[in-house]
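Colleague: Can you make the complete structure from the sequences, with help from the hints?
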Amino acid sequence: MKKALSLFLSVLLLVSALALPAAAAPAADSYEGKTVIIYTGNVRGDVSVYPRIKAARDAYEAAGASVYVVDTGNYLQGSAAANTDRGAGITDLMSAVGYNFTAMGLAEFSYTDATTGYPYHGNFTRYYTQSQLCNGAEELTYAQNRDGSVTAVLPARSVASFNTVASNVIARTGIYSQGVSVTSSRRGGLTLGFYGLTDPAVEQNVQDADENGVPYVSVLQPRPAEFSDLGDMPAPQLIICLSNAGVSGSEYGDIVIDAPTAGSMVMGAYVIDHETLAITHEELVLNDADETVAALADQVQAAAGDVLFTSEVILNGSDSLNWNGESNLGDLVTDALVWYAENFIDGIDESLPLVAIQNGGNCDQFIYTGDVTETDLLRALPFSPMGIGVLTVTGEQLLETLEAASQCADCPGFAQVSGLSYTLDLGQDYDGGAAYGSYYVADSVNRVTITSVNGQPFDPASRYTLVCDNFLMNGSDTYYTLQNIRDAGEGDYINNGTGVRVRDAVAMYVEQQLGGVIGEEYAEPQGRITVLLPSFEDVADGVWYHDAVGWAASRGITTGATETAFDPNALCTRAHILTFLWRAAGQPDSMLENPFTDLSGSEYYYSAALWAYEQDLIEGSAFDADAPCLRSDVVTYLWQLSGSPVLSGQSSFDDVSADAPYAHAVLWAVDSGITTGASETTFEPDGTCTRAEIVTFLYRHFAL
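Letter by letter, the sequence shown follows residues -24 to -1, 1 to 680 of mature numbering (1 follows the signal peptide of the UniProt record, and there is no 0).
Derived by calculation from the structure, the hints in this document are not laboratory data.
Each statement offered as a hint is correct.
Computed spacing ranges between beta-carbons, pair by pair: (1) 519 <-> 225: 36 to 42 Å; (2) 487 <-> 163: 46 to 52 Å; (3) 322 <-> 487: 19 to 25 Å; (4) 209 <-> 98: 45 to 51 Å; (5) 660 <-> 518: 21 to 27 Å; (6) 539 <-> 129: 54 to 60 Å; (7) 322 <-> 149: 48 to 54 Å.
For each residue, glycine too, the CB sits at the ideal point set by N, CA and C.
Modeller: This is the structure:
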């Protein structure tokens, strides 16, 4: 179940137990012997803020203060000025102001690989990754199309003025600049420690993982940072927490600046006396603007693309959802297709029920709250160069189309729909016939039941009008049925050409039908698709591993011991756990030569063994497939796949010593909600895992 973003309505500004007086800034004639921390949060691409923050900084410095400028996160996206160039102009503005430290929020982690389009469609554009925005980049020439005949240049970029601090985040190196967990800085005789906390819900609102199953972002539960191991950095006299995680309490620092993800923009200043360490809070009165930064802000705003529409909700573009079930993004897109066909495609038989399908593979990225530009829409819906088509089909053909689209877990052909509802029973096998590219023709319909069409009972003998991307009409992904119907001349086909693509229809629908705003109607999936998980006779409803078994079986991670039994108490081996992990990661291919002396290459777990070796989960020349899978092994594998994060503190379990090789993994697994231990005081690291335990560990890690 996806976690909802925290909806905190107020901003918590806590400074130990002190009551903080407010004043206009600068409130005094002299700030000699004082440090001022100017803070912002949830700016979300509002370029008008930065010239005024720079003027405030200059005013404090002119009055003798040592000044830091910091941000709690969520600055890099949210407006057309920010989104059009994927945050490059915002980073330039923040550097011009002289920001020093920033936390990272959803707006920073929404980047993933910072590209739009695909070379296959000739519309590929590369932007700076969030890491390159902060750390600089060399000039890059890249191909925008498949044959490399069209190229573009991403210019070199200098290092930003600020460092990111993220103590509860593990993110992909080269994509994200998660900076350091903690840092300290000394100015004017005062040493301050800074760290950042990210809202844990961010992890559920960015793309899942790369092609090897490695997550782009993993966010741990927020906890106070430790400044005990700073190397050459001086120990801080005061600790400042920059947060969008909704934390409060003096245990998080002497100054806690928290601007929750769903909150409003915040700004202000803290003044620290060097001698007494007394802290006061001042409001910023931003009447002046720095001319140089204002000119740069004007340039960034002028370069912004048009705002197509705005969104009040996050539309989910994760592959794990769109390739396996209904999404609110899929609902929006298919509703737009129905509306477009009704209003702009001539020649449709209006006596027939109209339905729409959008393949989950073209619901490729999230659409976030705020301004939505052409860049954002292209990123979310990158395909569809072929326009939109309409085809009359029989109910039987429509049913087979849906069956084929759901033939396996993580299927990019998965059918998001409008105008109909259907049930997918994952406990039934797909009856695959002849090969069709990477997929198979459905020789019979076993898994899908259409429950209604336009609110009326479904009739397999009736005729229906289907609207979808011509990419699907041409038989791409699993949609051989549509190509076959057209080739046989069995259905009336109307092609609107390539002038209006699916994403264009979405923009038109939101502007003309929804009044330019995607609202609460699309906050959640609307219940058009019901997915029934596999069930087994020996897995009772309500048992602690029930949901995990259903999830694992539905995703092809494991099957039952028989068709009707899961055998939850059977003990597992190394071959079992690594095969489960490999399947959960999407069964990535490996080019590795066999490093194992005890594997021939014919074993069912052979590909999993190579993958595990590549991921450094195992080493040595012997695979030892029948070695028991210990509880400590499972949490260690998951910990390694998550970047081997080192958490402060020590395990509360009596049987996990601080120097145990799995100590960090156990601490992380408990913090991440993967395990609560065998009891309140024991973990049982040497206990052999059962099938029920393994799928539960994986379910809590990959699905929750």
